[in-house]
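Protein chains: 2
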Amino acid sequence: MMPRVWTVTPEEFRVAAHQLIDWIADYRATVTQRPVRSEVAPGWVRDALGAPPPEAPEPFEDVLQDLRDVVVPGVTQTQAPGYFAWFPSNASLESVLGDMAASGLGALGITWQSAPALTEMEEVVTDWLRELCGLTDAWHGAIHDTASTACLVALLAARERATAISEDRGGLQAESAPLTVYASTQAHSSVAKGVLLAGFGRDNLRLVPVDSVTYAMDVTALRHMMADDVAAGRRPAAVVASLGTTGTTAFDDVMSITEVASAHGAWVHVDAAMAGSAMLLPECRTLFTGVEGADSFGWNPHKWMGTILDCSLLYVRDVELLIRVFSTNPSYLRAASDGEVTQYKDWGIPLGRRFRAMKLWFHLRLAGAEAIRARLRRDLANAQWLAQAADADGEWEVCAPVALQTVCLRHHPAGVTDPAALDRHQQEWAERINATGRAFVTPAQVEGRWLVRVSVGAEATELQDVAALWQLCRQSVHVASP
Amino acid sequence: MMPRVWTVTPEEFRVAAHQLIDWIADYRATVTQRPVRSEVAPGWVRDALGAPPPEAPEPFEDVLQDLRDVVVPGVTQTQAPGYFAWFPSNASLESVLGDMAASGLGALGITWQSAPALTEMEEVVTDWLRELCGLTDAWHGAIHDTASTACLVALLAARERATAISEDRGGLQAESAPLTVYASTQAHSSVAKGVLLAGFGRDNLRLVPVDSVTYAMDVTALRHMMADDVAAGRRPAAVVASLGTTGTTAFDDVMSITEVASAHGAWVHVDAAMAGSAMLLPECRTLFTGVEGADSFGWNPHKWMGTILDCSLLYVRDVELLIRVFSTNPSYLRAASDGEVTQYKDWGIPLGRRFRAMKLWFHLRLAGAEAIRARLRRDLANAQWLAQAADADGEWEVCAPVALQTVCLRHHPAGVTDPAALDRHQQEWAERINATGRAFVTPAQVEGRWLVRVSVGAEATELQDVAALWQLCRQSVHVASP
Numbered sequence: 001m002m003p004r005v006w007t008v009t010p011e012e013f014r015v016a017a018h019q020l021i022d023w024i025a026d027y028r029a030t031v032t033q034r035p036v037r038s039e040v041a042p043g044w045v046r047d048a049l050g051a052p053p054p055e056a057p058e059p060f061e062d063v064l065q066d067l068r069d070v071v072v073p074g075v076t077q078t079q080a081p082g083y084f085a086w087f088p089s090n091a092s093l094e095s096v097l098g099d100m101a102a103s104g105l106g107a108l109g110i111t112w113q114s115a116p117a118l119t120e121m122e123e124v125v126t127d128w129l130r131e132l133c134g135l136t137d138a139w140h141g142a143i144h145d146t147a148s149t150a151c152l153v154a155l156l157a158a159r160e161r162a163t164a165i166s167e168d169r170g171g172l173q174a175e176s177a178p179l180t181v182y183a184s185t186q187a188h189s190s191v192a193k194g195v196l197l198a199g200f201g202r203d204n205l206r207l208v209p210v211d212s213v214t215y216a217m218d219v220t221a222l223r224h225m226m227a228d229d230v231a232a233g234r235r236p237a238a239v240v241a242s243l244g245t246t247g248t249t250a251f252d253d254v255m256s257i258t259e260v261a262s263a264h265g266a267w268v269h270v271d272a273a274m275a276g277s278a279m280l281l282p283e284c285r286t287l288f289t290g291v292e293g294a295d296s297f298g299w300n301p302h303k304w305m306g307t308i309l310d311c312s313l314l315y316v317r318d319v320e321l322l323i324r325v326f327s328t329n330p331s332y333l334r335a336a337s338d339g340e341v342t343q344y345k346d347w348g349i350p351l352g353r354r355f356r357a358m359k360l361w362f363h364l365r366l367a368g369a370e371a372i373r374a375r376l377r378r379d380l381a382n383a384q385w386l387a388q389a390a391d392a393d394g395e396w397e398v399c400a401p402v403a404l405q406t407v408c409l410r411h412h413p414a415g416v417t418d419p420a421a422l423d424r425h426q427q428e429w430a431e432r433i434n435a436t437g438r439a440f441v442t443p444a445q446v447e448g449r450w451l452v453r454v455s456v457g458a459e460a461t462e463l464q465d466v467a468a469l470w471q472l473c474r475q476s477v478h479v480a481s482p
Numbered sequence: 001m002m003p004r005v006w007t008v009t010p011e012e013f014r015v016a017a018h019q020l021i022d023w024i025a026d027y028r029a030t031v032t033q034r035p036v037r038s039e040v041a042p043g044w045v046r047d048a049l050g051a052p053p054p055e056a057p058e059p060f061e062d063v064l065q066d067l068r069d070v071v072v073p074g075v076t077q078t079q080a081p082g083y084f085a086w087f088p089s090n091a092s093l094e095s096v097l098g099d100m101a102a103s104g105l106g107a108l109g110i111t112w113q114s115a116p117a118l119t120e121m122e123e124v125v126t127d128w129l130r131e132l133c134g135l136t137d138a139w140h141g142a143i144h145d146t147a148s149t150a151c152l153v154a155l156l157a158a159r160e161r162a163t164a165i166s167e168d169r170g171g172l173q174a175e176s177a178p179l180t181v182y183a184s185t186q187a188h189s190s191v192a193k194g195v196l197l198a199g200f201g202r203d204n205l206r207l208v209p210v211d212s213v214t215y216a217m218d219v220t221a222l223r224h225m226m227a228d229d230v231a232a233g234r235r236p237a238a239v240v241a242s243l244g245t246t247g248t249t250a251f252d253d254v255m256s257i258t259e260v261a262s263a264h265g266a267w268v269h270v271d272a273a274m275a276g277s278a279m280l281l282p283e284c285r286t287l288f289t290g291v292e293g294a295d296s297f298g299w300n301p302h303k304w305m306g307t308i309l310d311c312s313l314l315y316v317r318d319v320e321l322l323i324r325v326f327s328t329n330p331s332y333l334r335a336a337s338d339g340e341v342t343q344y345k346d347w348g349i350p351l352g353r354r355f356r357a358m359k360l361w362f363h364l365r366l367a368g369a370e371a372i373r374a375r376l377r378r379d380l381a382n383a384q385w386l387a388q389a390a391d392a393d394g395e396w397e398v399c400a401p402v403a404l405q406t407v408c409l410r411h412h413p414a415g416v417t418d419p420a421a422l423d424r425h426q427q428e429w430a431e432r433i434n435a436t437g438r439a440f441v442t443p444a445q446v447e448g449r450w451l452v453r454v455s456v457g458a459e460a461t462e463l464q465d466v467a468a469l470w471q472l473c474r475q476s477v478h479v480a481s482p
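Just so you know, the protein sequences line up as chains A and B, in that order.
Going by the numbering used here, the first sequence opens with residue 1, and the numbers climb by one from there.
Going by the numbering used here, the second sequence opens with residue 1, and the numbers climb by one from there.
Keep in mind the hints are simulated off the structure, nothing from the lab.
Note that the structure is predicted; figures quoted are calculated from it, not measured.
Virtual Cβ for every residue (Gly too), placed ideally from N, Cα, C.
Among the hints, erroneous ones may be present.
[What the hints assert, rightly or not] Sample of chain A residues lacking proximity to chain B, with all beta carbon distances greater than 12 angstroms (derived):
(1) D66
(2) S114
(3) A138
(4) A227
(5) E397
(6) H412
[What the hints assert, rightly or not] Which bits of chain B does chain A cover? Going by a derived footprint, with three or more residues having C-beta under 8 angstroms, they are:
(7) 255 to 268
(8) 324 to 330
Generate coordinates for the entire structure from the input sequences, incorporating the hints supplied.
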């Protein structure tokens, strides 16, 4: 018999997809029944799934069964109320619906012509979020996969601006005066990675010290480092300002940084990957003062705001420059409408584009901005509750300002003063919490010492869940190490 | 009244999602009822959708209505049987189910620990496809968004290998001997873009001429260009070999290219974005001879094979080098299991990762490799049918070898010999076809002259659809221009 050429018809899809929807709804409704941190051993999933490549179609039930038995235990439950690790990685069900619509439609985003709606909806939603964040219309936004990519794109634009577009020249290899890039010691690891990938070289990355209380960039030190580099024949090309660092949610002073950078013509990229969601709240906008003076500004709706990954926004002021750096225009992608429309392929690295705007569009329309703001405010209040509880307890230290929803804790057991022992202790009590399966927190090293980050802000996390975590914290520090 | 903090509950999601599934199944079942090419004017979608940002939740019905009335007319129907444009951009319903499962799960891929199943399933499916393509286990694969990104990743690895890792040094800025990169004049536009983004500079990109019949790279010319560069004090760093060019599906001779490149220690990246799917067919493997000698090899299951976008595979041999170039290891991402597991964050640009493996896993399990191969073979046969029909008709020229499923056509009207008039004529008859709404083809300029690419391979395209297109072709050339 000839093998079937077309396997799943729309009618077969309908039946399977309805089953899958019920599975997803059940999964989301019962997310508290699983340990928050996945407890599978390295290789366990691979062993469970790694049969030879399937030659014949398998029943949908078998795939669904593996989803239940192998995949679910194999992932951290980021949607659980006890999830306080890394950063909120919300996947709101509104945005899941949008993602499903995008998948079902199966559109191809390569040029405007290939899917005008994919391009123009992206213009609409990036404008909506710009307005909701109180940014002026000097900014033009596009959706990238992650803040790492957005930061690399910004650094590439900075490099090209500093070298008057390498296209007609020898690229970075023709530069005689090395270009330098600046970011604080608390900047995300993607900044250093972007600097290396963009070819600046690690020797030309300056990690600027931070204030010992706020962990914000020391702008006086930045000024001196830039002056020293210029004196030594180097050229400052870019500064990455962090608004809401990964370690402690510290906010660099963008206004002052921009002032210093502009004296050297250096590009200022603002990385607000996690914290950008707070711009939706007018009362938080002072934390973002100065952003309007930057050259590029990135933040991730796929974090705290809750549009499902991957959904990272990059706004730039000088779109013309961006297009000069990222454009391609082969014959087979040309169309009559070229001059009048946005070609997002010329705004970043990939040519092909998913219909990512759909998940933001569904999310904003089905939730409404007011409900999203209410949830963010709930999380701010819950973080303050935890900080106050820890502050009031003499054994605990809240070791960084709680600007938003991350609380950095250190526990000081009576009589323990050795720094190494104290560091070990923090990692140990965090591990004890994580091993319970009821909550998941992340230890981190900040300026040389270990602390534990409690990142409040999963959609499902209510005050009672933060209170339960606080109780877990106090229990975990009093259990002797094995 | 306080705004609701949690908008869509799992039960509300269940109701809306079932409606959405029916919409998707209906849409897929009726895809032939719409013009293949979207006929909306620039700005029409934006005007239709661009209300102020929504403050309050809107009814799901309203969103669904806009999906029907605005979004669907606003996209090219890439899943329609009359879609012959650009390249097959199949979004198989098997893979849509997998994409939906990934969305519903909402897992976070940053490290192995954040979602072991996300990492290990990606290992499993990239291995499955490696085996199905007949590649040895010397290759290690990961999923990227697009071939543009995969090519940039390969070029960055090449740059770093050529400079013994820039991390400890001055980056590309410290190089005294310029690094050069080679690709054929028929290579995809993403190659030149990648060369510029990686900082090599346009002056250091060599476009190697192609054979005038096969459009494959002239390897003798490559050899001479490399020798000339070395004589001039430059250093060949990378060659991009195209297997299946965008214009005519030409195949470079990777075996010979690798031989020439290895004499200079240059990295060989194989770009088989569209054509890679053909490796699933043992009878097509000779087209890929020599791939095993390359350093990296990329192809897109999201094209002809039909796993929904974005799903681009990049295989490399030297994973150690890749990790040295792309790794980051901040404290907050460390875990006890680090040494034993794969950390895909260190294999490419982004840190955060969607559960992209799921769509490949669903696709392969629910369809089975045999059905996928049968469909690819159907498309090869249909393309041959069209090529033979055109060959047999004295007015038509099949102007490049039909290696796979793309047929490049030129029509020669009696008495027209002026090259510019002939070029215009090709664009005109293509436009007449596209304006019918019944099919969509792409004109392209190949080595200076315009032809029309018929890219056979939409999942829904059967022989009768190719025959209907052929009839459209013959009708379209005999209508007078306005």
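So, going through the hints one by one against the coordinates:
With 12 angstroms as the threshold on Cβ separation, the claim that A/D66 sits away from chain B is violated: the shortest Cβ distance comes to roughly 9 angstroms. With 12 angstroms as the threshold on Cβ separation, the claim that A/S114 sits away from chain B is violated: the shortest Cβ distance comes to roughly 5 angstroms. The beta carbon of A/A138 is kept farther than 12 angstroms from every beta carbon of chain B, the shortest such distance being approximately 18 angstroms. Remark: the non-interface label on A/A227 is consistent with the geometry, its nearest Cβ contact in chain B lying 20 angstroms away (cut-off 12 angstroms).
Every CB of chain B lies more than 12 angstroms from the CB of A/E397, the least distance being 18 angstroms, so the non-interface label holds. Consistency note on A/H412: stated as away from chain B, and its beta-carbon is indeed over 12 angstroms from all of that chain's, at 20 angstroms minimum. Chain A is given as covering the region 255 to 268 of chain B, and this is violated because 0 residues of the stretch bring a CB closer than 8 angstroms to a CB of that chain, at least three being needed. Residues of the region 324 to 330 of chain B with a Cβ under 8 angstroms from some Cβ of chain A number 5, which satisfies the need for three, so the listed coverage holds.
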